[in-house]
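Visitor: All chains, full assembly: derive it from the sequences and hints.
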Amino acid sequence: MGMTMAERVLAKASGRDRVTAGEFVVARIDLALLHDIFAAQVFSMLKAVGVDQLLEPDRTVVVIDHLVPAPTAEAATVHQQIRDDVARLGIGAFYDAGQGICHQLLPERGHVRPGALIVGTDSHSTSYGALGAGGTGIGTSDMVYALATGSLWFRVPQTVRFELTGELEPGVSWKDVILYLAGEFGADAAQYKSIEFGGPAVAKADMSSRLTVANMAVEMGAKFGFFAADQVTNAYLVEHGGQGSEPFGPDPDATYEAVHQISLSDLSPQIALPHQVDRVAPVSVAEGIAINQAFLGSCTNGRIEDLRAAAKVLEGKRVARGVRLLVAPASQEVLREATRTGILATLIDAGATILAPGCGPCFGGHGGLLGPGERCIGTHNRNFPGRMGSADAEIYLASPATVAASAIAGVISDPRQLEAGDE
Amino acid sequence: MSSQANGVGNVLRGRVWKFDHDVSTDVLSPGAYAIDPVEVRMLHVLESVNPAFASQVEPGDVIVAGRNFGCGSSRETAPENLKALGVACVCAESFARIFMRNAVAVGLPVLVCSGVHAAFENDDVGEIDLASGRVNNTDSGGELQGDSLPEEMRAILAAGGILALLKSQSGAG
Ligand code: SF4
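Protein sequence lines, in the order shown, are assigned to chains A and B.
Residue 1 is where the first sequence starts when you use our numbering, and the numbers rise one by one after that.
Residue 1001 is where the second sequence starts when you use our numbering, and the numbers rise one by one after that.
Each statement offered as a hint is correct.
Calculated lysine-lysine pairs in the DSS-like style (CA-CA distance at most 25 Å, straight line): (1) A/K312 with A/K204; (2) B/K1083 with A/K47; (3) B/K1167 with A/K47; (4) B/K1018 with B/K1083; (5) B/K1083 with B/K1167.
Over 12 Å on every C-beta distance to chain B, these chain A residues come out as not near it, computed from the model: (6) G2; (7) R28; (8) T77; (9) L168; (10) K204; (11) A235; (12) Q243; (13) T255; (14) V259; (15) P274; (16) P282; (17) E287; (18) L326; (19) T339; (20) G371; (21) L418.
Quick partial rundown of chain A residues pointing at chain B, CB under 8 Å, derived from the structure: (22) V26; (23) M45; (24) V49; (25) G50; (26) S123; (27) G137; (28) I138; (29) T140; (30) D142; (31) Y145; (32) A148; (33) T149; (34) D188; (35) Y192.
For the record, the hints were derived by calculation from the structure and aren't laboratory data.
Glycine residues also receive a C-beta, built at the ideal position from the N, C-alpha and C atoms.
Guide: Shown next, in the form of structure tokens:
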């Protein structure tokens, strides 16, 4: 009997030949991620338990991304503490404010390897599954333990597999796919479980799309959200870290708790309605609802491919009067590429406001918050009440193309209509 | 909590507070008090679903709940608040993953037990054996089999949480 990707990652990390779902293991952590919301707290907790050095500072990455540039004196003070601690603890991989979002930087700067076990003080650490790594979110106490000892306990999760077939129609993206799956299967569909995304449609998905999907696996409750590492992964690794990788996937005879066969051929653009990520419907259901703000960015959809998809819709057009279009590139690299290729100019010509690379308004800390009664359509991953400012605001989640089309129309719009109207 | 030794004798007995499905971290640790000290935070635990809970819960009481207990954010204050109130154990049909991790990390015993939500009413007395996973309703006499807690988790709980364990490990070595 073979192993799933979750079993393979945890077997390797715990030095075992094989492990089976349901077992508990103590696993070695390959990489630990901390960002500015929890890093200072974790470092001071470490001090409080009498630990003044990390077991493996070279396996730790610290990113200042949530509150950038520092919107308050308090945030600036926390950032100072983080910089001091990073220097004191000898952490080499440190990305200071403005370089980008953690879940973008780790893959982009070559920190993520297929088969690795990665923990982060952030629930969207499932993103690293896009490259075949086991990435998952943990709390601050667990992080303190992991940094001090280099290991942590895990329950080996059951796995749900999605076998995806068919072709996406023009105007439909992988964001629509993951929104559809969240809506169809629910926010607790993969509670304690690992998800594997596989099948012929997945083989054709680029790394940017895989990152979008793995990122939102946690929106279905998942511990991990895996894609097998293949040629696409190998090419991405070579481009971003220098060293390629062997294929890494599940054993062919792995045991799954469930396997769902889904064809993507008939999928239409999807939208998550307020205030739950799994309240999903085809965009047509929400068409015509007026918006005040459109947000293009976040670790879900702030990559160059996302900016390009939006620019394609926005090219030669203007954002509707009364609508604010905010763009936060996921990293400085994305911003540089958008500048080089003219995408940035297209966005600016359409009337977009360009924000610093980072989490931007997704975190709800600053940089484009919503007032009571306002509506925002965004490319990010959560729409809980109060996520972006006022608890009386409404957040809709959709693809970059849908967000761009809605920004132009001033009302929620199907991007395919706009393209059809052009011809 | 004194019965929390490794191995045998790991049985908790307490008055039951019953809650439904999908009790979120927002309910367990309301955002309005998120950055207040634990002494303040614990006074508001579950107030939106049972206003009497925080003032009337007694050390040693247990919580019985439905599916997806602790869903929502990754805030560690949710299990921390329950522990501060002296809740001896949360026994639920299922937990949100990060809540379960955080509960063990802060030293709050948890047990997954299917059927538990229907088997208890408020003020019943529950007997929970963390080692074997056995759950008894001493009022109705009903007995259920939960998923026994593995040794690794029990060791963390017995130490009083993962940081206490870390301290004892680094102190010893
Ligand atoms: S972009 Fe949003 S979801 Fe992603 S890490 Fe930042 S705040 Fe979290």
